[in-house]
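Engineer: Join these two chains into a complex; the hints should help.
Chain order of the listed sequences is A and B.
Going from the first sequence to my numbering is simple: count from 1 and add 841.
Going from the second sequence to my numbering is simple: count from 1 and add 17.
One or more of the hints may lead you astray.
[Claimed, not checked] Which residues of chain B face chain A? A partial, calculated answer using Cβ under 7 Å:
{"no.": "1", "residue": "53"}
{"no.": "2", "residue": "104"}
{"no.": "3", "residue": "110"}
{"no.": "4", "residue": "114"}
{"no.": "5", "residue": "120"}
{"no.": "6", "residue": "121"}
{"no.": "7", "residue": "130"}
{"no.": "8", "residue": "132"}
{"no.": "9", "residue": "133"}
{"no.": "10", "residue": "136"}
{"no.": "11", "residue": "148"}
{"no.": "12", "residue": "153"}
{"no.": "13", "residue": "155"}
{"no.": "14", "residue": "172"}
{"no.": "15", "residue": "174"}
Source of the hints: derived by calculation from the structure; they are not laboratory data.
All C-beta atoms in this analysis are idealised placements derived from N, C-alpha and C, irrespective of residue type, glycine included.
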Amino acid sequence: MREDWVVDAPIVGREYQPPCPDQVIENVLENVLHFLTARRDRNAVSLVCKSWYRAEAYTRSELFIGNCYAVSPRRATERFRRVYSVVIKGKPRFADFSLMPVNWGAHFTPWLSALAAAYPWLEKVYLKRMSITDDDLARLSLAFPSFKELTLVCCDGFGTSGLAILASKCRQLRVLDLIEDELNDDDDDDGADWISCFPADGTCLESLSFDCIEQQINFPALESLVARSPNLKKLRLNQFVSLEQLHRLIVRASQLTHLGTGSFSPSQNLAPPPGPGGNEPDYGPAFAACKSLVCLSGFREVVPLYLPVIYPVCENLTSLNFSYANLNAQELHSVISLCHKLRTLWVLDTVRDEGLKAVGATCKDLLELRVFPIDAREDSEGFVSEVGLLAIAQGCRKLRSILYFCQRMTNAAVIAMSKNCPDLVVFRLCIMGRHRPDHVTNEPMDKGFGAIVINCKKLTRLGISGLLTDEAFAYIGKYGKLVRTLSVAFAGDSDMALKYVLQGCSNLQKLEVRDSPFGDSALFAGLQHYYNMRFFWISSCKITLQNCRQIARTLPNMVLEVFTNMPVAVQDEDEFVDALYMYRSLEGPRNDNPSYVRIL
Amino acid sequence: MSTEERRIVVLRSSDEEIFEVDIDVASESQTIKHSIEDDDSGRVIPVPNVDGHTLAKVIEYCKKHVETPRSDDRDAQDALRAWDTEYMKIDQNTLFELILAANYLNIKGLLDLTCQTVADMIKGKSPEEIRAMFNIKNDFTPQEEEDIRKENQWAFE
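One chain only, chain B, in its complex shape (with noise of 0.2 Å):
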């Protein structure tokens, strides 16, 4: 044990788990940040939109993060960039999870970390395969959806 003093925050999810986390760790999240700034008595923070398995999904990103020094060495990038790839083996669910955590949070890495693994479901794929992959209705009259085909192709492509 350091002689340090290490000071923890103590985080409830939607669901009434318990996480006793860093105050760096907590601190990746803006909204959490916040919360400790506005109110530094030590109390149980809750975290009512983020439940218990993804709120341990959560820091355990904000706790690689933290503990990774910033660096330009080539070598210890591509080792967190691969870390990240590891991590974003998730399945659908747990990734929208994720997302809204991420967003609620206030917690930029994580969030740019979910869109891009969103954005490269969408790349190469057709508008059918997009809304079905995410469960979109799609509210364009006939018409309307084949004057925008046109327009982007004849004229965007």
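Extracted from the complex, chain A is given alone in its bound form (with noise of 0.2 Å):
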């Protein structure tokens, strides 16, 4: 619609010519691309042709890398010039169970060294499932003048001396976080002082997690952080600072939305037995104070009498996690019946299906829910139930994430878990004892999983457990055609189960099996498919050696690794092999395995 300020319109003789959409695109390209952040678009861009291929691969600032031996760092760096921020993969994730040897690889030091030479402006980096020395944290310090984020997740190798060399030399420093890493000294009782390491004259901290460091800190250093970190939002404290450390802290930073509250106990030696009003502080003004607090973790070593000093942050918590906090059910509701907002709950099983009622009751718009077991053994007690399973299938509809540990399970409540949550993008139940039935009924749990994959549609990841047949992996390949991410312990009667599977699930990235009777023929039905995963591990099954030399042999690009979880080669061909670990690479074996790590 013309507006009062054109003057004039006439008449014009010019023909229109409409303008040409690629020639218009190609000027303004990466102004275009600078938009596109996600990873399947930015390689589906790639593909157009070739003038966009070198558009994007100079404009992609995020460099993921989902299997760090997939491809090499020369590659990767060739291609892309302009990368501000790197993720990488290593180890799969049955590593965390001590199913790998030690010094098994996903070395971080090829990495940076390709990535210190190709880009000195680089700001971030996120590990998971990777080994950094304390040399690799030297050298990215002085490697990188503009460093603003690292963050480490269960990942090894290093300490806390290349913990102050980072502290000290990365002077823009916003995120530091370290979350269930496992560091070189933690057994040492001399461990570098790093929280005193960072600028004096203040930080630029955002973030600071370090509530996996198995060591005292210097307190006083702490406090002096805290305090000349004006914008720090993010804290984790480890499990050697006491409530009275605590509450020191979280006066000088009321600003913080997550905390991590480290032991949240007293500390040994005060005189008087613990208890409020005593010479003790009164901790809730301090808790009070903290109005943009949204996420809670911590409570490693929790005194339940102190539990009310949290009530006032109750009602806009979105986040809790109680996974390290021994509560019985009485304490649980007593915080979570004020936590109306919750989205995302840890807790540990102690709670009993009294406790999850209560979550059931009052957090309606709950997201995520973990529930660990205080005492992972096969044959421990158990304290949680289809009782409590049922009772959060029937006051949070709206769930999209469950990880369930249990002794006790019905295919009755998984199928009513499956009808009331269709939302369900990850479903993992780990019924710890061995090939256990649905305890009522004394069938295998198929027809619960069954429902699972059947009923949701969204569902990517998959956790199974429990008396299974063949029959549940038949529903699974039916019917989980979005799951990428599958793993089965103790499950299956034959081959035919992984067949299922293989040939089923057209979207599987992820395949980990352990303990389960599946023998040679059973990977013979993968082989259209394993150049589609990133990668599959299978552990304690029926795999000859013989056979993984024949996969080998026909799948040209599959790195196929053999070993024990001893250091002593696999000899004999038919003999099983404890654990085969296979992905796709685009160059070939790698050549930094330890000796009893055998590579077809």
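Structural biologist: Structural data, given as structure tokens:
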């Protein structure tokens, strides 16, 4: 519509020629690509034509490497020239359960060398299940003057001396998140005092997480650090920080949004017996002042008597991690009944079915629930059951992700969850005792898991357990078309089970199988699919070395690694291998494997 | 009529349409702004690469964005974003003309808005769909295309 500022509009003689889209976009392609960040989109763009490939390679700012051995650092850095942020993943998840030999690999060092040479402007590094040394941390600090964010999840190989160098040299550091890492010097008494090494005149820190460090830290230095870090929003302390110390920190940092509370118990050297109103400060007001707090974790050695101090912040909490907190049902109830906005909850099974009923009654917006076992042994007592699962199914209809450890379960409860929670994307049920059937009907758990894949149409990740026959796998193969990750333990009758999955689940990316009766013919069933997968792990099953060799011959770009937990190589061709880990790679077999990891 | 003198500039599109525009609005374009600074005599400023239909649309954007005061107020920001979304409900030809115009006239906000719109069209699409949408010729050999597809899938996804 013309506005009143158009004075004149004479007749135009020239014929209108619409612009050519490809030429128009060519001029502004980099600007357009700036708004495309998802990997899938970037990969699609790179295939459009040669000039788009070049523009995309030049503008991709986050580099994601799902398997550090699938591609070489050189190939990655030669293609992408202006990367600011790198994500690299190494070992498969079963490494967390000591199923992988020590020193298996996934070393950060060769990646660091390539990144340092190619991207001196690098700002962010995120590593998951990689080995990173103190030397690596030192080199990283020197190589990247603009370095801002380091996140290490389930990593190992480094210690506090590496952290000390990082803290002192990376003056623009905003994020240092150490999550479930295993530090080298955890057993030493003399770690480096890394907390004291941050810049003395003030820091840019926004997030500092060190709850996995199993050592004392210099508390006065930590207090001073918090005081001179005005942008700090996320602070996660380790279990060596007492309640009084926590109090001293949060009175200086009431702007925190995420807090890992450390031990949440009074220090040992308080003279009178601990209890509110004594020599102790009144903790309540300090917590109440933290009006922005939305995420609480820690509670490593929680003394439930003190839980009331967090009541004022409960109404705003969206995330609560009690997975280290030995709480009973009543103690959980006192907190949970105030948490109406909760979206994420992690608890220990000590809260029992009663505790889970309280969750179902209050947390109507819950999206993610994890219930961990306090005692993860096969024959442990088990404090939650189908009763708790049912309570959650009835109360938390928006649930998207669940991880549930128990010793007793029924098909009926699992079926109920499949119907009540259709938005489930992740369903992981771990019935810890081997081959446990439905404890009411004594039937296999096939129908339950079948219902999950049939009714939960968005399901991408599935973890199964209990007594399962091939029928369960037939359901998964037939209905689990979106499943990308599948975890199987102690399940199945025959090779048909694995065949159903390998031939049916067209989107399967990651398959981890342990202690199940699958043999060589099952492995052959997946030949068509293995190149589409990120990896396949299978251990303590009936796979022979000979068969592994056959697969390696048939699929030249698959790397097959065969090993045992013990530093002893597999010898006999007909012997069952302890573990086979296979993945596609553009580079062929790696050369940094320890001697007892055999690559075929 | 306000007593304050409002300065007007006169723009002429490629197809001889004349637009009288507030100087602040016209100065959203860095190109026009420099033109004014270089020559303040008040003559007509030609905009040879942009036709009347497109120039009108450009002026509409500049006017709205000059009139809306910068604010931290969430509601005000949402309202402007909503206006931008409505504004971008245009046919593909107009979209491409706008991109060319925003680029030539050097109007960052408009260029970002139009490029974001194109990016949104690309999201979730396959390479074949993207080519079809923008009439782009595939100049890869089948082998080249296969190699990139494999590298993308195995290494970078």
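Engineer: Could you run down the list of hints and mark each one as holding or not?
Structural biologist: We went through each hint and held it up to the structure:
no.: 1; hint: 53; result: violated, 17 Å
no.: 2; hint: 104; result: violated, 12 Å
no.: 3; hint: 110; result: holds, 5 Å
no.: 4; hint: 114; result: holds, 6 Å
no.: 5; hint: 120; result: holds, 6 Å
no.: 6; hint: 121; result: violated, 10 Å
no.: 7; hint: 130; result: violated, 10 Å
no.: 8; hint: 132; result: holds, 4 Å
no.: 9; hint: 133; result: holds, 5 Å
no.: 10; hint: 136; result: holds, 4 Å
no.: 11; hint: 148; result: holds, 6 Å
no.: 12; hint: 153; result: holds, 5 Å
no.: 13; hint: 155; result: holds, 6 Å
no.: 14; hint: 172; result: holds, 4 Å
no.: 15; hint: 174; result: holds, 6 Å
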